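Protein chains: 2
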Amino acid sequence: MEFSSKLIEKAVNEMSQLPGIGKRTALRLVLHLLKQPKEQTTFLSQALLNMREDIKFCENCYNISDEKICEICINSSRNQRTICVVEDIRDVMAIENTGQYKGIYHVLGGKISPIEGVGPGQLNITALTEKVKLGKVDEIIFALSSTMEGDTTNFYIYKQISDSKIIISTIARGISVGDELEYADEVTLGRSILHRVPFEKTFKNN
Amino acid sequence: MEFSSKLIEKAVNEMSQLPGIGKRTALRLVLHLLKQPKEQTTFLSQALLNMREDIKFCENCYNISDEKICEICINSSRNQRTICVVEDIRDVMAIENTGQYKGIYHVLGGKISPIEGVGPGQLNITALTEKVKLGKVDEIIFALSSTMEGDTTNFYIYKQISDSKIIISTIARGISVGDELEYADEVTLGRSILHRVPFEKTFKNN
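The listed protein sequences derive, respectively, from chains A and B. Numbering follows full-length UniProt numbering, with no gaps: position 129 of the first sequence is 129. Numbering follows full-length UniProt numbering, with no gaps: position 2 of the second sequence is 2.
The set of hints was computed from the structure by calculation and includes no laboratory data. These figures come from a predicted structure and were not determined experimentally. Do not take every clue at face value.
To be verified - Here chain A is said to cover these stretches of chain B; the calculated rule only asks that three of the stretch's residues, wherever they fall, bring their Cβ under 8 Å from a Cβ of chain A:
{"no.": "1", "stretch": "40 to 49"}
{"no.": "2", "stretch": "129 to 135"}
Claimed, not checked - No farther apart than 25 Å at their CA atoms in a straight line, the calculated lysine to aspartate or glutamate pairs in the DMTMM-like style are these:
{"no.": "3", "chain 1": "A", "residue 1": "201", "chain 2": "A", "residue 2": "96"}
{"no.": "4", "chain 1": "B", "residue 1": "23", "chain 2": "A", "residue 2": "67"}
{"no.": "5", "chain 1": "B", "residue 1": "35", "chain 2": "A", "residue 2": "91"}
{"no.": "6", "chain 1": "A", "residue 1": "6", "chain 2": "B", "residue 2": "53"}
{"no.": "7", "chain 1": "A", "residue 1": "23", "chain 2": "A", "residue 2": "39"}
{"no.": "8", "chain 1": "A", "residue 1": "102", "chain 2": "A", "residue 2": "66"}
{"no.": "9", "chain 1": "A", "residue 1": "10", "chain 2": "B", "residue 2": "88"}
{"no.": "10", "chain 1": "A", "residue 1": "56", "chain 2": "B", "residue 2": "9"}
{"no.": "11", "chain 1": "A", "residue 1": "6", "chain 2": "B", "residue 2": "91"}
{"no.": "12", "chain 1": "B", "residue 1": "159", "chain 2": "B", "residue 2": "130"}
{"no.": "13", "chain 1": "A", "residue 1": "38", "chain 2": "B", "residue 2": "53"}
{"no.": "14", "chain 1": "B", "residue 1": "68", "chain 2": "B", "residue 2": "88"}
{"no.": "15", "chain 1": "B", "residue 1": "56", "chain 2": "B", "residue 2": "9"}
{"no.": "16", "chain 1": "A", "residue 1": "6", "chain 2": "B", "residue 2": "54"}
{"no.": "17", "chain 1": "A", "residue 1": "6", "chain 2": "A", "residue 2": "39"}
{"no.": "18", "chain 1": "B", "residue 1": "23", "chain 2": "A", "residue 2": "66"}
{"no.": "19", "chain 1": "B", "residue 1": "38", "chain 2": "A", "residue 2": "96"}
{"no.": "20", "chain 1": "B", "residue 1": "68", "chain 2": "A", "residue 2": "39"}
{"no.": "21", "chain 1": "B", "residue 1": "136", "chain 2": "B", "residue 2": "87"}
{"no.": "22", "chain 1": "B", "residue 1": "10", "chain 2": "A", "residue 2": "59"}
{"no.": "23", "chain 1": "A", "residue 1": "38", "chain 2": "B", "residue 2": "91"}
{"no.": "24", "chain 1": "A", "residue 1": "10", "chain 2": "B", "residue 2": "66"}
{"no.": "25", "chain 1": "A", "residue 1": "131", "chain 2": "A", "residue 2": "185"}
{"no.": "26", "chain 1": "B", "residue 1": "56", "chain 2": "B", "residue 2": "87"}
{"no.": "27", "chain 1": "B", "residue 1": "10", "chain 2": "A", "residue 2": "96"}
{"no.": "28", "chain 1": "A", "residue 1": "38", "chain 2": "B", "residue 2": "185"}
{"no.": "29", "chain 1": "A", "residue 1": "133", "chain 2": "A", "residue 2": "59"}
To be verified - Far from chain B, some chain A residues (derived; all Cβ distances over 12 Å):
{"no.": "30", "residue": "11"}
{"no.": "31", "residue": "80"}
{"no.": "32", "residue": "190"}
Built from N, CA and C at the ideal position, the CB exists for glycine as well.
Generate the whole structure from the sequences, applying the supplied hints.
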């Protein structure tokens, strides 16, 4: 792509470094900013800079936070001895949206993935196993995605804490609520049958 | 969407003001920036700020440019008396990529669109009609998109310059090179037949 302006070219090049944004989309976005008042670009740039510069990670659970300890960890009405292990902040947001979970989280910051060069050392795993060893935990719930990488990460953590006497569980997999059986894949449907739950549980409060 | 950090929330809100970027995509982009080195965010913000602050529009054709007069207008080997009327810089880039056009451009900056509140006054139309009236032009080529808005804009400009004795043409519409006739829409195919060209033209140099 040839640009009539070096300034545009640079902005497009930087913008297209973002995942899922190609050169054409980047150009569209940059031209949009040009048509808007200058303030919009200033606000956007400033918000990104501030975010990158001042963001903190909760010292307890590694969730993104504005304070040293995040709002979830500091909330005394939550069960501090039940820990849900997730990959990143989006998973925390997804689970929080359900309103069904009253424990705290532990954000790993990724999954073990040899292909992408992510080893256990780059994830916040030691802090988790430390908590277990210090007897601060009653239950660990694995909520990583059920991919090869997710399963590997689950198993790696499991091996480190399996000799402690805490409950280690994983979120239930099965057919989505509202889905038709005939369109479900076999593995999911198989798990749904294997891990069937007492019917009473589905209408009684847990 | 509830965020655990005001900084993230602000960045996501600003990011999702861009066209085609919803809150979820914005969050994905922002989290990506968080995982990358700080420099990437700095470079991106700086490039956007510089672009918005220092960008110039060519005083002759209103194309985006780093100088007062753009590279195309200043190029003396191009025919300065043939003007191709386009909507924005992307159209200039598209036509330049063909390597088939040796005249200059006139960038309107949009199309007349009452629905979006864009009237002729907001577009660079007067400068174009002035050039025609001053006898600086031999041919005007309309290259706006063939939508209701594009046709309206073409016609509006045409009415202003139709009493001058210049050539007023519009780019050819028809079946794309390589397309199959049976899948083409009727209007396009109809235009292809109506505006058929001498066969010799297709293999001789124009």
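Here's how the hints hold up against the structure:
Note: the stretch 40 to 49 of chain B has 10 residues with beta-carbon separation from chain A under 8 Å; the three-residue rule is met and the coverage holds. Restraint check on the stretch 129 to 135 of chain B versus chain A: 0 residues with Cβ-Cβ distances below 8 Å, three needed, restraint violated. Taking the CA atoms of residue 201 of chain A and residue 96 of chain A, the gap is near 22 Å; set against the 25 Å cutoff, the hint holds. At roughly 23 Å between alpha-carbon atoms, residue 23 of chain B and residue 67 of chain A fall within 25 Å of each other, so this suggested pair holds.
Straight-line distance between C-alpha atoms of residue 35 of chain B and residue 91 of chain A comes to about 16 Å, which keeps the hinted pair within the 25 Å bound. The straight-line distance between the Cα atoms of residue 6 of chain A and residue 53 of chain B is roughly 13 Å, inside the 25 Å bound, and the hint therefore holds. A distance of roughly 24 Å separates the Cα atoms of residue 23 of chain A and residue 39 of chain A; the hinted pair therefore holds under the 25 Å criterion. Our distance criterion of 25 Å between C-alpha atoms is met by residue 102 of chain A and residue 66 of chain A, whose separation comes to about 21 Å.
Taken as a hint, the residue 10 of chain A and residue 88 of chain B pair is honoured in the structure, with Cα atoms around 19 Å apart against an allowance of 25 Å. A distance of roughly 14 Å separates the Cα atoms of residue 56 of chain A and residue 9 of chain B; the hinted pair therefore holds under the 25 Å criterion. For the suggested pair residue 6 of chain A and residue 91 of chain B, the alpha carbons sit about 18 Å apart, so the restraint of at most 25 Å is met. For the hint linking residue 159 of chain B to residue 130 of chain B, the alpha-carbon distance of about 14 Å falls within 25 Å, and the restraint holds.
For the suggested pair residue 38 of chain A and residue 53 of chain B, the alpha carbons sit about 8 Å apart, so the restraint of at most 25 Å is met. For the hint linking residue 68 of chain B to residue 88 of chain B, the alpha-carbon distance of about 18 Å falls within 25 Å, and the restraint holds. Straight-line distance between C-alpha atoms of residue 56 of chain B and residue 9 of chain B comes to about 33 Å, which puts the hinted pair past the 25 Å bound. Distance restraint check for residue 6 of chain A and residue 54 of chain B: the Cα-Cα separation of roughly 11 Å lies within the 25 Å cut-off, and the hinted pair is therefore satisfied.
Restraint check for residue 6 of chain A and residue 39 of chain A: satisfied, since their Cα atoms lie roughly 22 Å apart, inside the 25 Å limit. For a cut-off of 25 Å, the pair hint linking residue 23 of chain B to residue 66 of chain A stands: about 20 Å separates their Cα positions. A threshold of 25 Å between alpha carbons decides the hint, and for residue 38 of chain B with residue 96 of chain A the separation of about 29 Å lies outside it, so the pair is violated. Under the criterion of a C-alpha separation no larger than 25 Å, the hint pairing residue 68 of chain B with residue 39 of chain A is consistent with the structure, at around 24 Å.
Pair hint residue 136 of chain B plus residue 87 of chain B holds up; C-alpha atoms about 21 Å apart against a cutoff of 25 Å. Between residue 10 of chain B and residue 59 of chain A the alpha-carbon distance is near 22 Å, which keeps this suggested pair within the 25 Å criterion. Distance check on the hinted pair: residue 38 of chain A and residue 91 of chain B sit about 24 Å apart at the alpha-carbon level, within 25 Å; holds. A C-alpha spacing of about 12 Å is found between residue 10 of chain A and residue 66 of chain B, which places the hinted pair at or below 25 Å, so the restraint holds.
For the given pair, residue 131 of chain A sits about 37 Å from residue 185 of chain A by alpha-carbon distance, which is inconsistent with the 25 Å threshold. Restraint check: the Cα-Cα separation between residue 56 of chain B and residue 87 of chain B comes to about 17 Å, which is no more than 25 Å; the hinted pair holds. Only pairs whose Cα atoms come within 25 Å are accepted, and residue 10 of chain B paired with residue 96 of chain A is accepted, the gap being roughly 20 Å. Our distance criterion of 25 Å between C-alpha atoms is broken by residue 38 of chain A and residue 185 of chain B, whose separation comes to about 42 Å.
Among the hinted pairs, residue 133 of chain A with residue 59 of chain A is consistent with the structure: their alpha-carbon atoms are about 18 Å apart, no more than 25 Å. Under the 12 Å C-beta cut-off, the non-interface status given to residue 11 of chain A relative to chain B is violated; the minimum distance is some 4 Å. Non-interface status of residue 80 of chain A relative to chain B is upheld: no Cβ of that chain comes within 12 Å, the nearest being about 17 Å off. The claim that residue 190 of chain A is not at the interface with chain B holds, since no C-beta of that chain comes within 12 Å of its own (minimum 30 Å).
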